[in-house]
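Engineer: As a plain string of letters, each chain reads:
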Amino acid sequence: MRLHNKFFNLLTFIMALVPVAVLSVMAIFILYYSTPSIRYEGLSFFTTYLWNPGFEFKPPVSVNGVLAPAGSSFGLGLFLLGTLSTSLLAIVISFPISFLISLNVESYLPEKARKFTVSMIELFAGIPSVVYGLWGILVLEPVLFRYIEPWMSKNLGFIPGFRGEIYSGAGLIASGIILSFMIIPIITSVIVNSFETVPKDVKEGVFSLGATKWEVGRYLMTGYSRASTIGGTLLGLGRALGETMAVLMVSGAIVNTLPTSIYSATNTMAAAIASLLDSAFFDPTGMNIAALSELALVLMIISLAVNLLGRQIAGRGVLRGYEND
Amino acid sequence: MTDGIQEETVLIKWKGLGIRKIKDSMAKVVSYLILALMAGVLVSIFAYILGSGAAHATISMFTTFGDTTTGGLLNAIIGTWMLVGMGLLFSIPPGILGAIYIVNSKSNTRVSYIVKLFTDILTSVPSIVIGLFGYLVLVIKFGFGYSLVAGGIALGIMMLPYLLRIIEISFRNIPREQIENAYALGADDIKIASRVYLPQASKGILSGILLAVSIAAGETAQLIYTAGFNNALPTGFLKSQVAYLTYVVWTGINQPSQYSHYLAYVSAMILILTITALIFLSKYIVRRK
Amino acid sequence: MAEKIEKIIEIENLRVETRKKVILDGVYLNIFKNRVNTVVGPSGSGKSTLLRALNRLLDLDPSMKISGDILFDKRNVKDYDEVELRREIGLVFQKPNPFPMSVYENVAFGLRLHGKVRKEEMDRMVQQSLVDANLYDEVKDNLNARGDSLSGGQQQRLCIARALILRPKVLMLDEPTSALDPVAKGKVIDLIRTLTRKYTVILVTHDMNLTRRVSDYTNLIYNGKFIAKGTGSEFFESDLEEVKEFLSEAD
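Protein chains in written order, with this note's numbering: chain A, 1 to 325; chain B, 1 to 289; chain C, 1 to 251.
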């Protein structure tokens, strides 16, 4: 009996270490595969925006001890810009919406409708990325192209960045909108969950001082639940940073052209990795793959940092916009 | 009772009651409007996807294999389930046993802290990074090739942190007395795990699995470079590619032929229906049973 | 003692019920201005609910059905705007519930809510409220300390100061001493006595010692029904069955 027990406990111990092992292995390998690119590009990886896979048909060159295609040069500037701009736009759209939805659920919505409403919002998180992409291409882009973007350009053109050529509905705005559908459930559920932990005393105390429902809700969000609000937003940001397929489908996925306005097509780090990887196979030097690995490494680090910070600030009970019953 | 203080505060108090009430009403109206907007968008997405899917669905799509430009979706449907099943195979044992370890360990809190930390970190790894890792290491370096195993591990990596977390919470929800009673009766750890933990938390575990499945079924980025695609069913666990529905959505819409688009619509429809059903099922299980 | 004592609140046939049970069953009660009006009764008799009916806090709970009339300054409370009403009738809860902010901010909270006040004005009013609540001397050197870092008794007085800053006409105290140690209790008791100079006090308690020491008018609520009332000693010498029973149990 004793032996069985010991064995079982050892087994559970080993199994518990699986996530640790997996993450470590992933990180190590990605780093390992990036090293040729790190050697080749050095700091210019971070300071240039062009991504040039190089010429296959010319003989490869050797730089800093590594082999690379002639004429190749890899810079993540464009993709980083795209990731940050689409994610930031998504946050700008999502935060007020999540704020208002949480406020509504907390202060105005009848108790009975609460579960239903929260489930409805969570459903947004369940829609697969490619389905959002599909809807984005078929429904959102035409609407943006024909109605919304021209209207914006005409009436809001005085705002910097809001005036520009509209080539298609794809681009920054479309990506930002689609991303916000994915992160609204995250931010909302973090805030709503934290509201549920507010002791009845505190709420009654604020009401007894003669506050309106709006004022009570506002105090809860900016005072009492400030950590959850900020943390939840960071978690949403983390999700947006790593999103791949939907953005790939509606961003225009351009390479080497800087965006000029919010109507421009764009690209993100995640989408770039997905779209460039298959052509990278054909590089016999492996440098293209290394560069993409480095891109993945940077993406992973940024995403990790934002997510961990968000989790730290918001407290641990969060799971991708789904509640735990 | 009127003294100096009373009077001037009356002045201060009366300022702005009307405005405050207006703000309150406006907040109420605007927030309801936003809610309605979100509901509208959700309905529109569902209506469009289900509508375009239903409009172009044919029986043959559900009964024949295809290659995203012709044929049907049967290989993709089966392939999706095979991949998800593989993912569960790789993530359930560590999920359950690891959760048991975390819940049991009182003395080894440093280890369980690290485990929890790494699990949290794992959830924030972007899916394409998992996909890239899967390609470079599983497909190429380990030589699995595009395969069920490679795709399954990639999905498993994504599902593991969710399962671990949800199962841990389910275990923690078991009333302490039950566990203490079992120990007091002289049961060993294995018996307690199998007779107390698992049965008591079965609702939560099942619900968690359904949730993880619903997420995995909709994933693409992990699979593009680990599972490949197959015009039929995979012939083995290794070195044989697998078809899956999200791939059809993505490639289908990007191809010029109308029929490819139809395949994309129908795949999207199947995905949304399945995933919504899984989500509701997972909630239902926790509420009833 | 023959002065005309004004009734500031008149409760007529107040009935509060949920679908499951009746909490208050036809209560008649008067609250007299600038006096300590005590409502006593065993726990669960609906005393706290009574207070919450007065400032319409019950309106927030959709499962509560309320009927009957409550007149505040001769006007039905339903005719007041509830925000207005809660300014005039302040409530201090049984368990101190300071907000997670500094002492100063706790007290200033209500002021910020209801209007714009200049900094010097606000400082003065915060100080005045803390003085009125017998707390100023103990916190004056550290107004920035967190509200929940104070002792239980201090927190309770902080909540009182928080309510007082709005200069309500009526201050309701729900079991203000139940969570306190004897020394803190004593301080609150002294405070209650001085409050009637400016405010009307409604005190809910099952502590008969406290009642003996501060109450001007005592009302007994039993099982949601109003049973008896009396001034000071009148109440304690009552012949009514329920009163005698209650008094013997309470002691």
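Read the hints as simulated data drawn from the structure, not as lab findings.
Mixed in with the good hints, there may be bad ones.
[Claimed, not checked] Here are the simulated lysine-lysine pairs, DSS-like style, with alpha carbons at most 27 Å apart:
id, chain 1, residue 1, chain 2, residue 2
1, A, Lys115, B, Lys28
2, C, Lys20, A, Lys115
3, A, Lys213, C, Lys185
4, A, Lys213, B, Lys21
5, C, Lys119, C, Lys33
6, B, Lys141, B, Lys203
7, A, Lys115, B, Lys283
8, A, Lys200, C, Lys119
9, A, Lys200, B, Lys239
10, A, Lys6, B, Lys239
11, B, Lys28, C, Lys7
12, B, Lys28, C, Lys65
13, C, Lys21, A, Lys112
14, C, Lys185, A, Lys200
15, C, Lys169, C, Lys95
16, A, Lys213, A, Lys200
17, C, Lys119, B, Lys23
18, C, Lys7, C, Lys65
19, B, Lys116, A, Lys112
20, C, Lys7, C, Lys33
21, A, Lys6, A, Lys115
22, A, Lys200, C, Lys95
23, A, Lys112, B, Lys203
24, C, Lys21, C, Lys95
25, A, Lys200, C, Lys169
26, C, Lys198, C, Lys78
27, A, Lys213, B, Lys23
28, C, Lys78, A, Lys213
29, C, Lys140, C, Lys185
All of these numbers come straight from a predicted model, not from anything done at the bench.
Engineer: None of the hints should be skipped; say for each whether it holds.
Structural biologist: Status of the hints after comparison with the structure:
1. Between Lys115 (chain A) and Lys28 (chain B) the CA atoms are separated by roughly 19 Å; this keeps the pair inside 27 Å, and the hint holds.
2. Distance hint between Lys20 (chain C) and Lys115 (chain A) is fulfilled; the C-alpha atoms sit about 23 Å from each other, no more than 27 Å.
3. At roughly 34 Å between alpha-carbon atoms, Lys213 (chain A) and Lys185 (chain C) are farther apart than 27 Å, so this suggested pair is violated.
4. This hinted pair checks out: Lys213 (chain A) and Lys21 (chain B) have alpha carbons roughly 9 Å apart, not beyond 27 Å.
5. For a cut-off of 27 Å, the pair hint linking Lys119 (chain C) to Lys33 (chain C) is broken: about 32 Å separates their Cα positions.
6. The straight-line distance between the Cα atoms of Lys141 (chain B) and Lys203 (chain B) is roughly 39 Å, outside the 27 Å bound, and the hint therefore fails.
7. Of the pairs offered as hints, the one joining Lys115 (chain A) and Lys283 (chain B) holds, with about 11 Å between alpha carbons and a cut-off of 27 Å not exceeded.
8. Distance restraint check for Lys200 (chain A) and Lys119 (chain C): the Cα-Cα separation of roughly 31 Å exceeds the 27 Å cut-off, and the hinted pair is therefore not satisfied.
9. Among the hinted pairs, Lys200 (chain A) with Lys239 (chain B) is inconsistent with the structure: their alpha-carbon atoms are about 59 Å apart, more than 27 Å.
10. Straight-line distance between C-alpha atoms of Lys6 (chain A) and Lys239 (chain B) comes to about 38 Å, which puts the hinted pair past the 27 Å bound.
11. As the CA atoms of Lys28 (chain B) and Lys7 (chain C) are separated by approximately 38 Å, the hinted pair breaks the 27 Å bound.
12. Of the pairs offered as hints, the one joining Lys28 (chain B) and Lys65 (chain C) holds, with about 24 Å between alpha carbons and a cut-off of 27 Å not exceeded.
13. At roughly 21 Å between alpha-carbon atoms, Lys21 (chain C) and Lys112 (chain A) fall within 27 Å of each other, so this suggested pair holds.
14. Of the supplied pair hints, the one linking Lys185 (chain C) and Lys200 (chain A) holds, its CA atoms being roughly 25 Å apart against a limit of 27 Å.
15. Of the supplied pair hints, the one linking Lys169 (chain C) and Lys95 (chain C) holds, its CA atoms being roughly 22 Å apart against a limit of 27 Å.
16. Proposed proximity of Lys213 (chain A) and Lys200 (chain A) is supported: the alpha carbons are some 14 Å apart, at most 27 Å.
17. For the suggested pair Lys119 (chain C) and Lys23 (chain B), the alpha carbons sit about 24 Å apart, so the restraint of at most 27 Å is met.
18. At roughly 26 Å between alpha-carbon atoms, Lys7 (chain C) and Lys65 (chain C) fall within 27 Å of each other, so this suggested pair holds.
19. Distance hint between Lys116 (chain B) and Lys112 (chain A) is unfulfilled; the C-alpha atoms sit about 35 Å from each other, more than 27 Å.
20. For the hint pairing Lys7 (chain C) with Lys33 (chain C), the CA-to-CA distance comes to about 6 Å; that is within 27 Å, so the pair holds.
21. Pair hint Lys6 (chain A) plus Lys115 (chain A) does not hold up; C-alpha atoms about 45 Å apart against a cutoff of 27 Å.
22. This hinted pair checks out: Lys200 (chain A) and Lys95 (chain C) have alpha carbons roughly 11 Å apart, not beyond 27 Å.
23. This hinted pair checks out: Lys112 (chain A) and Lys203 (chain B) have alpha carbons roughly 24 Å apart, not beyond 27 Å.
24. This hinted pair checks out: Lys21 (chain C) and Lys95 (chain C) have alpha carbons roughly 25 Å apart, not beyond 27 Å.
25. With a CA separation close to 25 Å, the supplied pair Lys200 (chain A) and Lys169 (chain C) stays within the 27 Å bound.
26. At most 27 Å may separate the alpha-carbon atoms for a hinted pair to count; Lys198 (chain C) and Lys78 (chain C) meet this at roughly 25 Å.
27. Restraint check: the Cα-Cα separation between Lys213 (chain A) and Lys23 (chain B) comes to about 10 Å, which is no more than 27 Å; the hinted pair holds.
28. Proposed proximity of Lys78 (chain C) and Lys213 (chain A) is supported: the alpha carbons are some 18 Å apart, at most 27 Å.
29. At most 27 Å may separate the alpha-carbon atoms for a hinted pair to count; Lys140 (chain C) and Lys185 (chain C) meet this at roughly 21 Å.
Against the hints set out earlier in the document, violations occur for numbers 3, 5, 6, 8, 9, 10, 11, 19 and 21.
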